[in-house]
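From first to last, the protein sequence lines stand for chains A and B. For the first sequence, my numbering gives the first residue as 1, with consecutive numbering after it. For the second sequence, my numbering gives the first residue as 1, with consecutive numbering after it.
Derived by calculation from the structure, the hints in this document are not laboratory data. A few of these clues could be false.
With beta-carbon atoms standing in for the labels, derived distance ranges [stated by the list, open to error]: (1) B/PHE275 <-> A/PHE18: 52 to 60 angstroms; (2) B/VAL124 <-> A/GLU280: 14 to 22 angstroms; (3) A/GLY31 <-> B/VAL124: 26 to 34 angstroms; (4) B/ARG186 <-> A/ALA16: 51 to 59 angstroms; (5) A/SER15 <-> B/TRP166: 18 to 26 angstroms; (6) A/GLY41 <-> B/SER64: 24 to 32 angstroms; (7) A/GLY245 <-> B/ARG296: 24 to 32 angstroms; (8) A/ARG5 <-> B/MET74: 32 to 40 angstroms; (9) B/PRO153 <-> A/PRO306: 48 to 56 angstroms; (10) A/GLU14 <-> B/ALA304: 33 to 41 angstroms; (11) A/PHE11 <-> B/TRP166: 51 to 59 angstroms.
Simulated pairs of lysine-lysine, DSSO-like, Cα-Cα distance not exceeding 30 angstroms [unchecked claim]: (12) A/LYS356 <-> B/LYS314; (13) A/LYS358 <-> B/LYS308; (14) A/LYS57 <-> A/LYS358; (15) B/LYS140 <-> A/LYS358; (16) B/LYS171 <-> A/LYS351; (17) A/LYS10 <-> A/LYS351; (18) B/LYS223 <-> A/LYS38; (19) B/LYS60 <-> B/LYS223; (20) A/LYS10 <-> A/LYS38; (21) A/LYS351 <-> B/LYS314; (22) A/LYS10 <-> B/LYS314; (23) B/LYS314 <-> A/LYS38; (24) B/LYS223 <-> B/LYS140; (25) B/LYS308 <-> B/LYS171; (26) A/LYS356 <-> B/LYS308; (27) A/LYS115 <-> A/LYS351.
Idealized CB from N, CA, C, for every residue including glycine.
Here is how the chains run, residue by residue.
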Amino acid sequence: MKTERTSTLKFARESAYFTLIVLGAIVAAVGIGAFVLKLIGVNPIDVYLVILTEPLKDIYGITEILVRTSPLILIALGIAIAFRSGILNIGAEGQMQIGIISAAAIALAFPELPKPILLPMVLIIGAIGGALWGGIAGYLKARMGVNEILSTVMLNYIAAQVYGFLLRGPMIDPEELTVGSGTPQTIRLPRAAWLDRLIPGTRLHAGLIIALVMAVLVYLLLWRTTTGFRLRASGAEPRAARFAGIHVERSLIIAMLFSGGFAGLAGAIELTGVHRRAIESISSGYGFSGIVVALFGGLHPAFIVPSAIFFGLLLIGADMTQRAMAVPANMVLVLQGAIILSIVSAQSFFKDPYAKDKFLRRLSSIHLPRQKKKNAPTSDRGGKR
Amino acid sequence: MNPVDLVLNILTIGVPFSVALLLASTGEMFNQRAGIFNLGCEGIMAMGAFLAFLPPYFLKDVLSPDTANLLGLMIAVFAGALLGILFAVVTILFRAPQGISGIGLQMLGVGIAGTLFRHFVGGVTGVPGIANFPIPGLSKISFLGPVLFDLNPVAYFAFLLVPISWFVLFKTPWGLRVRAVGTHPRAADTMGINVARVRFQALALGGAFAGLAGAYLSLCQAKMFADDLVAGRGFIAVALVYFGRWHPLGILGGSLLFSIAQSFQLSVQVWGIDFPYEFAVMLPYVLVIVVLALARKSNKRSPAALGKPYDREKRV
Numbered sequence: 001m002k003t004e005r006t007s008t009l010k011f012a013r014e015s016a017y018f019t020l021i022v023l024g025a026i027v028a029a030v031g032i033g034a035f036v037l038k039l040i041g042v043n044p045i046d047v048y049l050v051i052l053t054e055p056l057k058d059i060y061g062i063t064e065i066l067v068r069t070s071p072l073i074l075i076a077l078g079i080a081i082a083f084r085s086g087i088l089n090i091g092a093e094g095q096m097q098i099g100i101i102s103a104a105a106i107a108l109a110f111p112e113l114p115k116p117i118l119l120p121m122v123l124i125i126g127a128i129g130g131a132l133w134g135g136i137a138g139y140l141k142a143r144m145g146v147n148e149i150l151s152t153v154m155l156n157y158i159a160a161q162v163y164g165f166l167l168r169g170p171m172i173d174p175e176e177l178t179v180g181s182g183t184p185q186t187i188r189l190p191r192a193a194w195l196d197r198l199i200p201g202t203r204l205h206a207g208l209i210i211a212l213v214m215a216v217l218v219y220l221l222l223w224r225t226t227t228g229f230r231l232r233a234s235g236a237e238p239r240a241a242r243f244a245g246i247h248v249e250r251s252l253i254i255a256m257l258f259s260g261g262f263a264g265l266a267g268a269i270e271l272t273g274v275h276r277r278a279i280e281s282i283s284s285g286y287g288f289s290g291i292v293v294a295l296f297g298g299l300h301p302a303f304i305v306p307s308a309i310f311f312g313l314l315l316i317g318a319d320m321t322q323r324a325m326a327v328p329a330n331m332v333l334v335l336q337g338a339i340i341l342s343i344v345s346a347q348s349f350f351k352d353p354y355a356k357d358k359f360l361r362r363l364s365s366i367h368l369p370r371q372k373k374k375n376a377p378t379s380d381r382g383g384k385r
Numbered sequence: 001m002n003p004v005d006l007v008l009n010i011l012t013i014g015v016p017f018s019v020a021l022l023l024a025s026t027g028e029m030f031n032q033r034a035g036i037f038n039l040g041c042e043g044i045m046a047m048g049a050f051l052a053f054l055p056p057y058f059l060k061d062v063l064s065p066d067t068a069n070l071l072g073l074m075i076a077v078f079a080g081a082l083l084g085i086l087f088a089v090v091t092i093l094f095r096a097p098q099g100i101s102g103i104g105l106q107m108l109g110v111g112i113a114g115t116l117f118r119h120f121v122g123g124v125t126g127v128p129g130i131a132n133f134p135i136p137g138l139s140k141i142s143f144l145g146p147v148l149f150d151l152n153p154v155a156y157f158a159f160l161l162v163p164i165s166w167f168v169l170f171k172t173p174w175g176l177r178v179r180a181v182g183t184h185p186r187a188a189d190t191m192g193i194n195v196a197r198v199r200f201q202a203l204a205l206g207g208a209f210a211g212l213a214g215a216y217l218s219l220c221q222a223k224m225f226a227d228d229l230v231a232g233r234g235f236i237a238v239a240l241v242y243f244g245r246w247h248p249l250g251i252l253g254g255s256l257l258f259s260i261a262q263s264f265q266l267s268v269q270v271w272g273i274d275f276p277y278e279f280a281v282m283l284p285y286v287l288v289i290v291v292l293a294l295a296r297k298s299n300k301r302s303p304a305a306l307g308k309p310y311d312r313e314k315r316v
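Chain A extracted, bound-state conformation (with noise of 0.2 angstroms):
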């Protein structure tokens, strides 16, 4: 009777602690954007309903929801292989943008290839190209020691300049040179490398399966593999993985390959499904929203798939909002900015066990009788000493 009790006590007094903490990072999040919003003279409220509710009114808006959460997905499935194995991937921007050229370049050099052959071959290529081009940071990192972030954010903005090199000179379209405006994108790519659109009359295309599916593969891959248990040993605690003989440096280069993998099919699939020729401004940001979603998808894969629907559907709203309310675009940025700093601020309370325990101890010090704590569970910390 009086252990039920007591545990009744601490389930409360513990659902009490993780409904602050996740109330405090969302109102965190919330005002920091509402604050800023203020500050150009609107009214938060009326942004919020419009980038929540706007989108969801059509099909249309559905539809476009839904082709921005295909690269979302891809991105960051592959942003939290590379966050287990222990090395940050800031550069799935540059590793997308790489993706695309590659893949534009092989659908435009065999135009005459069937579609059974060509459009695997594509993604394929996308896939590689951003493979590789992570895979120079992950060798960076496991060879040379070169931390990852400053050189995947390096490798973005060489990927940009590479890319545009490339738009602008030998991959543009004569036209655009001859009778156009000089525009930088490629020809239109042959039909057999489209990806098929879902629904008639919308964008939405067979993009979206291929992410849901790599979303299961990439489950099975980290926790039913042995790569991926070598893969998480590694991020987890490197050392220890050491000496159970797991190579971390290789586990870190497999790692950088995967998630650069990831990227550049997402680019490749944005290539096919949506805009069927390469063109300047394609990856738009998906590269960092990416990071956002695998965070806010804990990540893991089952999390990440609806995160990036809530996350294409803030994409879609804040257009919206552009359009309509004339927010400018970059505040998509500060609400991002906004919620990684608090999601990773809320992270460490869940996952501190120390933090817990003494929020805990205040609490029940307030509601129960002195003698009472002593058999709380919580107050175990003194026998761990």
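Starting from the structure of chain A, add chain B where the hints point.
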């Protein structure tokens, strides 16, 4: 053009370029010496650049140009310190992982600066900015004069900060405390140093430096603000700390070398060597990676507790 003029030209462009990197990098050095890896430098610089730009832009009819510029610099420094403290709250108080928090701060800073800029200013607009101040007499020396003594007042201040930073870090009790909490926080704690407080102070100082670096970009170097004004300089500054082996003189050398390389690349573009400009633009970023790869040994000299949150209640 004869070789002396060529070198002179490269140097007179390169030395002013180095100031923003030098300032941000020195600030980052204080952060890292205290054990905190602040990747939000880029975001703080963007905020500093934008806020410093505001007074000369909006108050040009109310205040004299000098007052407005000074006000801009002060706001940038103050806002930089505040953002440094925000980062401290996240990484020290909440013990969040520093790398990803830094990316969050970068997005937040660049996002806020961009949003407010688009709303209040609209497009790229110039300001008079702070003019160069040739030091009388010295600036007339041939060769050295135009390179070293015809600079922006903020640039002189930045170069003056190099020996001052060295003195503060290595010769004052506070500097010793900073190095102690970055090397062995538990030992420092045992000796009665408040680890969290020293780290907060170091982050505020580093943020102020980054804010000033941003202000230099918008008020002194570009004399305007644009969304992508900072263009990765914050990240380059972090890399230069590694290159400079966490020492003010090394950082001075690194930022000079780096900006001279950049000005060399600009000269190559100007003097009509046919070369796709994209490759010239990517050169500095390639250089950072190469430098980091070559500076491999110096990674071992990094402050021992760099990047590790300190929790005095945790058992070791």
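Structure-based check of all given hints:
Taking the beta carbon of each, B/PHE275 and A/PHE18 are about 58 angstroms apart, inside 52 to 60 angstroms as hinted. Evaluation of the 14 to 22 angstroms hint for B/VAL124 and A/GLU280 yields a pass: the beta carbon distance comes to about 19 angstroms. Under the hint 26 to 34 angstroms, the C-beta atoms of A/GLY31 and B/VAL124, about 31 angstroms apart, fit the expected range. At about 33 angstroms, the CB distance of B/ARG186 to A/ALA16 disagrees with the hint of 51 to 59 angstroms.
Between A/SER15 and B/TRP166, the C-beta spacing of about 53 angstroms breaks the proposed range 18 to 26 angstroms. Checked against the hint of 24 to 32 angstroms, the pair A/GLY41 and B/SER64 passes, with Cβ atoms roughly 29 angstroms apart. Against the hinted window of 24 to 32 angstroms, the Cβ-Cβ separation of A/GLY245 and B/ARG296 comes to about 25 angstroms, which satisfies the hint. Checked against the hint of 32 to 40 angstroms, the pair A/ARG5 and B/MET74 fails, with Cβ atoms roughly 59 angstroms apart.
At roughly 54 angstroms, the beta-carbon separation of B/PRO153 and A/PRO306 lies within the given 48 to 56 angstroms, and the hint holds. A beta carbon spacing of about 36 angstroms between A/GLU14 and B/ALA304 agrees with the range 33 to 41 angstroms that was offered as a hint. At roughly 56 angstroms, the beta carbons of A/PHE11 and B/TRP166 sit within the given window of 51 to 59 angstroms. Simply put, A/LYS356 and B/LYS314 have alpha-carbon atoms about 13 angstroms apart, close enough for the 30 angstroms limit, and the pair holds.
Pair hint A/LYS358 plus B/LYS308 holds up; C-alpha atoms about 22 angstroms apart against a cutoff of 30 angstroms. As the CA atoms of A/LYS57 and A/LYS358 are separated by approximately 46 angstroms, the hinted pair breaks the 30 angstroms bound. A C-alpha spacing of about 67 angstroms is found between B/LYS140 and A/LYS358, which places the hinted pair above 30 angstroms, so the restraint is violated. For the hint linking B/LYS171 to A/LYS351, the alpha-carbon distance of about 39 angstroms lies beyond 30 angstroms, and the restraint is violated.
In summary, the hint linking A/LYS10 to A/LYS351 is supported, as the alpha carbons are separated by about 18 angstroms, within the 30 angstroms threshold. Proximity of B/LYS223 to A/LYS38 is assessed by CA-CA distance (about 28 angstroms); at most 30 angstroms being required, the pair is judged to hold. For a cut-off of 30 angstroms, the pair hint linking B/LYS60 to B/LYS223 stands: about 14 angstroms separates their Cα positions. Restraint check for A/LYS10 and A/LYS38: the C-alpha separation of about 41 angstroms exceeds 30 angstroms, so the hint is violated.
A distance of roughly 13 angstroms separates the Cα atoms of A/LYS351 and B/LYS314; the hinted pair therefore holds under the 30 angstroms criterion. For the hint linking A/LYS10 to B/LYS314, the alpha-carbon distance of about 23 angstroms falls within 30 angstroms, and the restraint holds. This hinted pair does not check out: B/LYS314 and A/LYS38 have alpha carbons roughly 41 angstroms apart, beyond 30 angstroms. Annotation: proposed proximity of B/LYS223 to B/LYS140 holds, straight-line Cα distance about 25 angstroms (limit 30 angstroms).
Using a Cα cut-off of 30 angstroms, the hinted pair B/LYS308 and B/LYS171 holds, with the two alpha carbons roughly 25 angstroms apart. For a cut-off of 30 angstroms, the pair hint linking A/LYS356 to B/LYS308 stands: about 20 angstroms separates their Cα positions. The suggested pairing of A/LYS115 with A/LYS351 is violated, with an alpha-carbon distance near 49 angstroms, which exceeds 30 angstroms.
In this structure, the hints that do not hold are numbers 4, 5, 8, 14, 15, 16, 20, 23, 27, in rising order.
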